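Q: So the chains spell out like this:
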Amino acid sequence: MRAGAVSKRQFSQRTAFSLLIIATIIVVLPVLAIVIQIIIGGADAINWEFLTEAPSQAGKAGGILPAIVGTFYLMLGTIVFALPLGVMAGIYLTEYARDNWFTRVINLAIVNLAGVPSIVYGLFGLGVFVLLFHFGMSLLSASLTLACQALAMTVTTSREAILAVPREYREGSLAVGATKLQTIRHVVLPQALPGIITGAVLAMSRAAGETAPILVVGAAFLLPGLPQSPFDQFMALPYHLYTVAAHVPGMPKSTMWGVALVLLVVVLLFNILATIIRLRTRQRRLNA
Amino acid sequence: MKINTELPNNTKVTSQSKTRLKTESVNLYYGEFQALRDISLDIPERAITAIIGPSGCGKSSFLRLFNRMNDLITGARVEGKVELDGIPIYDSTIDVVELRKRVGMVFQKPNPFPMSVFENVAFGPRRHGRKNHVELEDIVEKSLRQAALWDEVEDKLEQSALALSGGQQQRLCIARVLAVEPEVILMDEPCSALDPIATLRIEDLMRSLSDNYTIVIVTHNMQQAARVSDMAAFLMMEEDRAGILVEYGPTTELFTNPKDKRTEDYITGRFG
Chain A
1 MRAGAVSKRQ FSQRTAFSLL IIATIIVVLP VLAIVIQIII GGADAINWEF
51 LTEAPSQAGK AGGILPAIVG TFYLMLGTIV FALPLGVMAG IYLTEYARDN
101 WFTRVINLAI VNLAGVPSIV YGLFGLGVFV LLFHFGMSLL SASLTLACQA
151 LAMTVTTSRE AILAVPREYR EGSLAVGATK LQTIRHVVLP QALPGIITGA
201 VLAMSRAAGE TAPILVVGAA FLLPGLPQSP FDQFMALPYH LYTVAAHVPG
251 MPKSTMWGVA LVLLVVVLLF NILATIIRLR TRQRRLNA
Chain B
1001 MKINTELPNN TKVTSQSKTR LKTESVNLYY GEFQALRDIS LDIPERAITA
1051 IIGPSGCGKS SFLRLFNRMN DLITGARVEG KVELDGIPIY DSTIDVVELR
1101 KRVGMVFQKP NPFPMSVFEN VAFGPRRHGR KNHVELEDIV EKSLRQAALW
1151 DEVEDKLEQS ALALSGGQQQ RLCIARVLAV EPEVILMDEP CSALDPIATL
1201 RIEDLMRSLS DNYTIVIVTH NMQQAARVSD MAAFLMMEED RAGILVEYGP
1251 TTELFTNPKD KRTEDYITGR FG
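Those protein sequences? They're chains A and B, same order as listed.
By the numbering used here, the letter at position 190 of the first sequence is numbered 190, and the numbering carries on one by one without gaps.
By the numbering used here, the letter at position 213 of the second sequence is numbered 1213, and the numbering carries on one by one without gaps.
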């Protein structure tokens, strides 16, 4: 073995290592750049008034309270519809469904549900909830529309969480004469709950960021106050960001970045919450 | 290898013993695969019957016939008669939930629920509609005493069952089964995950429980079968891997004077 050969191999080792680390840095750079840009640009806009007042002068002055509240209502409305349906479908698919063509079609549909472009959900919501069911352009229509989109996620995460419950628990329960339903209710669901909640929280954060679907089913350009009923129109952060950025001339830059910052914080908070729930569950499993 | 154990010298099974569980010409299939072939066996009440045999011979499948646990497997199909107190348990009128209440089961790996010790034992009674807390406390204490666990967990009732040792967890699982007052207890290699001392405790417990319960135990451990059981059945598989019953009789006889050459080979360690 010659010394030269070794250093050549070491050289290619180091080159590969450097390339990989550079690639990794390039991957995170855009994310970092976005976050830093938004914080620098938006920090000036954030103050008590901005967070607690309604907009005035087409959003150039005042605050964004209706958009913040509207976004929270949307998240809530989405999850109220998507979670129970998703969990129930997840239970059916894992505990009851037999492996036949019907089940396979359902599974295929769920996978594809996640791949449908969001504006298509918007048009579906417009056709069905706004026009057919006469819910009008409203918070209700938008929540239902986003719920349809979130279903793919709540069904999938519920199913995964239920499948992860060890078979031994189910058998132990059935072996003392519990019914299947009792086993699901008292043994399987409590165990699957953290996973289900994680999925729900992620679905909510996705709903918070959606712009295209709500555009056509009830998001308003500007509203002086908060929605008073599910049948009212509403403001939402992502759509408000779109309007202040693209449709209002003379908009102060800091306002745009400020809206973006608030939206980012809302979404990040929910993602962090989901991560915490997941980590705590894993910790508990390891301790057990 | 020589089996060197004290055999239970005065077996509890006499010619007057009543049959509690019975199989007659039972075949069990998983889809196309035949797991058990033509098994006929009478299991006496208030005694311990051990099912022994090499890995994969269908011991566990056989045990799971009696509480219809095989029903959970898609494609499982049973032919022939399986009876509990003369009642055919595969009859379409049988309530499986009621059957499992009468025929409890303890598994290979201790599987306490991730709940408190108390809730684990109260689980069965609660599912069967017992709500009164005082009543539940009585059941829990009685069951834990029967399972020889009360003294160790008396002041830990509200703690997680998962914090108990493996042997304690297994006794807790036995208490959980006892709490629904079954007549039969099926045990599927209940000590295979336990250390020798915990194993002996469970064996002692089984001996004392057999005064009131019919126990069927699947075990890999020949010494264990010899130590605890009154009756023993030797299963092995045929060419197509279907399990058959080779020999069945009082444990003392099966171990000291096996009638079948294959039984002798197995218990003296020549295969398996």
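Hints are supplied without guarantee of correctness; some may be wrong.
Mimicking DSS-like on lysine-lysine, the simulated pairs with C-alpha atoms at most 30 Å apart in a straight line are [what the hints assert, rightly or not]:
{"no.": "1", "chain 1": "A", "residue 1": "K180", "chain 2": "B", "residue 2": "K1012"}
{"no.": "2", "chain 1": "B", "residue 1": "K1109", "chain 2": "B", "residue 2": "K1259"}
{"no.": "3", "chain 1": "B", "residue 1": "K1131", "chain 2": "A", "residue 2": "K180"}
{"no.": "4", "chain 1": "A", "residue 1": "K180", "chain 2": "A", "residue 2": "K60"}
{"no.": "5", "chain 1": "B", "residue 1": "K1259", "chain 2": "B", "residue 2": "K1022"}
{"no.": "6", "chain 1": "B", "residue 1": "K1131", "chain 2": "B", "residue 2": "K1142"}
{"no.": "7", "chain 1": "B", "residue 1": "K1259", "chain 2": "A", "residue 2": "K180"}
{"no.": "8", "chain 1": "B", "residue 1": "K1131", "chain 2": "B", "residue 2": "K1022"}
{"no.": "9", "chain 1": "B", "residue 1": "K1109", "chain 2": "A", "residue 2": "K180"}
{"no.": "10", "chain 1": "A", "residue 1": "K180", "chain 2": "B", "residue 2": "K1142"}
{"no.": "11", "chain 1": "B", "residue 1": "K1261", "chain 2": "B", "residue 2": "K1012"}
Derived Cβ-Cβ restraints for the label pairs, each shown as a range [to be verified]:
{"no.": "12", "chain 1": "B", "residue 1": "E1135", "chain 2": "A", "residue 2": "L131", "range": "53 to 63 Å"}
{"no.": "13", "chain 1": "B", "residue 1": "N1132", "chain 2": "A", "residue 2": "L181", "range": "18 to 28 Å"}
{"no.": "14", "chain 1": "B", "residue 1": "G1086", "chain 2": "A", "residue 2": "G115", "range": "53 to 63 Å"}
{"no.": "15", "chain 1": "B", "residue 1": "I1073", "chain 2": "A", "residue 2": "E160", "range": "15 to 25 Å"}
{"no.": "16", "chain 1": "B", "residue 1": "G1056", "chain 2": "A", "residue 2": "A164", "range": "46 to 56 Å"}
What the hints contain is simulated information worked out from the structure, not anything from laboratory work.
This structure is a prediction, so every number in the text was calculated from the model and none was measured.
Heads up, the beta-carbon is just placed ideally off N, CA and C, and yes, glycines get one too.
Q: Failing hints, ascending?
A: 1, 2, 4, 7, 8, 16
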